[in-house]
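*Asks:* Taking the hints into account, I'd like the entire structure generated from these sequences.
For reference, the chains in residue letters:
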Amino acid sequence: MKLGFMYTAYLVANMAIGLLFMAMIYVNGLLGTYDLSYGVLTLIISVWGLARTFKSSNEGKISAGVQHSWLLVSFAIGYISLALAPVFTASLAIVAFQSLLSAIQAVWGSFLLVQAYRSGYSIIRV
Amino acid sequence: MTEEAEKKEVKGVESSEKGESKFDDYSLMEVPKNQRYGFFNMFLVFGSVYGAIAVIWAGGALGYGLTFTQATLAVLAGTAVLTILGALMSAVGAHSGLSTYTAWRFPLGRWGGKVAGLLLITVTTGVGWYAVETWLFGIIMNEVYPTSPFFSVGTAAIWGGVLMIIMTYVGYRMLSFLSYFSIPFHMWLIAVGIAIVLALKGGMSTVLSAVPTHPMGLLDGISAVIGLYIAGTIISPDIARFSRSAKDASGAWIAHIVFLYPFLILGGVAIVLATGSYLITNAMLKLGMGIGVLLIILFGQFIINTDNLYSGSLSLVNFWPMRREWASVINGVIGTAIASYIGFSAGASITPFENFISFLGEVLPAMGGILVADFFLVKPFLERRRNPKERYKFRENDRYYNLNIAGIVALVLGAAVGIFVNAGIPAINSLIVGLVSYVLIYAAFKAAGRSPEVLPYVYKGGRLK
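Chains A and B, in that order, are what the protein sequence lines are.
Mapping of the first sequence onto this note's numbering: position 34 corresponds to residue 34, and the numbering continues sequentially without gaps.
Mapping of the second sequence onto this note's numbering: position 292 corresponds to residue 1292, and the numbering continues sequentially without gaps.
In case anyone wonders, no lab produced these hints; they're calculated from the structure.
Each statement offered as a hint is correct.
Think about it this way: if two alpha-carbon atoms lie no more than 25 Å apart in a straight line, the pair counts; the simulated SDA-like pairs of lysine to any residue are:
(1) B:K1033 / A:S56
(2) A:K55 / B:A1255
(3) A:K55 / B:F1039
(4) B:K1033 / A:S57
(5) A:K55 / B:Y1180
(6) B:K1033 / A:S119
(7) A:K55 / A:S119
(8) B:K1247 / A:I123
(9) B:K1247 / A:R52
(10) B:K1033 / A:G60
(11) B:K1022 / A:Y121
(12) B:K1247 / A:G60
(13) B:K1247 / A:S57
(14) B:K1247 / A:S56
(15) B:K1201 / A:V27
(16) A:K55 / B:K1247
(17) B:K1022 / A:I124
(18) B:K1201 / A:G32
(19) A:K55 / B:F1040
(20) B:K1022 / A:S122
(21) B:K1201 / A:G29
(22) B:K1201 / A:L30
(23) B:K1201 / A:L31
(24) B:K1022 / A:V114
(25) B:K1247 / A:Q67
(26) B:K1247 / A:S122
(27) B:K1201 / A:Y26
(28) B:K1201 / A:V87
(29) B:K1201 / A:S37
(30) B:K1033 / B:R1244
(31) B:K1247 / A:Y121
(32) B:K1033 / A:Q67
(33) B:K1201 / A:I80
(34) B:K1033 / A:G120
(35) B:K1033 / B:F1177
(36) B:K1247 / B:F1259
(37) B:K1201 / A:T33
(38) B:K1201 / A:I25
(39) B:K1446 / B:D1398
These figures come from a predicted structure and were not determined experimentally.
*Replies:* Below, the structure written as structure tokens:
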């Protein structure tokens, strides 16, 4: 499968993930606000990435995909490292749901970055 | 550029690449065009320095002396100065492709550039501040895990220092990788940390109504904001030389400083005003944000110290040509030894050491003024080198000079004003005196039919000596 298409799919999936996080505003307390902020951030990065992808040539699509995937992976690591803090009291089901979503972001994004690197698209070069 | 000149330049690059280490990072030559990066890379690498938690702590000091409104004014004024100066310095780096200290060989002469680089950067940033930050790293690790011997101040300083040396050994590519990996999540963690601490301590209304415990003047506040990052601003060509264009380098500098610097410093101010302490990490730890805090500290200290060591290694290579990665090991081992010594000897005061490296650092603004004056005023208007890419160019068999009297005298004047004149903002005074006096002295020599540059030598190509 072409890298450009794989990145587009990843960014579209992250748009959905961003919306899911935003929907978590209905969880009470600080956690709801935390998830809403993260959801908005994810949505902005995904939409921005998709806009760049659609405007670019094939090579540009991959460069934009690498840059935005990198941002999403890094923010996902930041998100999950605070999401489990005791200050965000949450039920086990919610913790599991959050972990699953951010794990999808981190693992899928990392896989794509490795693929891009093998194809000659170094993260620090694009 | 003429065809012959291009050939000479390329020949110089090729001959120096033979037998060189792949980690040398073009420490004593121009970075080739095909090894340069775009805006995104520049933005993240510049931004990595501000990812450091130390910026919040240092910014927090303002919270003890200024109200939030006053601090905002001080930060905006200080940021404006750093934005302009950094954009100009970055443009010099991108146009020339040279490290800061190699570029100093033009306004100070070869010997002047070597000695100034050693004193102002190797001793201060490369060893001094590196040692202080490594020691701080040990202290924080010990606060997070107080009972583990592996995290005692001295031991943590040693293993932290060794890891930092390894990263600096690789050079710019590792710096880029670290920046890309850590900056987004680092910013997220710090923003969320500040927001949560503030939310639990009364919010912005508490911050806006808080009264500082040790009031200070607005000018002192502006001076502190500038002083906190004047060194980083002046050595920005170390990073900017890897930029594809001056527009990318200056744009990245402006973007990162405008978006990140006020946010981090004012975050520190708000934390102090709301909690009475600048230790946001302690507040976060008490809230149970263990892993997040650990990541903030680890990556923050690592990145800023890798930057310190990297610039220190470039300046040491400039003083005494050697492989850049060896220079980073030499600086790093000395700095780590100092940090661990302080860590193991309980009760040892680090204040005299900090005062000494701060004293040397006060000379830096003058050097910034001199470089700006030479590149943007003297070279184009007094030496008629209009093309910025031609102003700082080493060409095989061309004649250069070991001393530039105008630069040396301007540096001494600017440093004296920065150190001894306390009126106004010392950093700005020093910068302006350096800039103006360099132009005036250079013009006076020209008017007298003489050149301030003396003791000529011929560049033989390849790595500079």
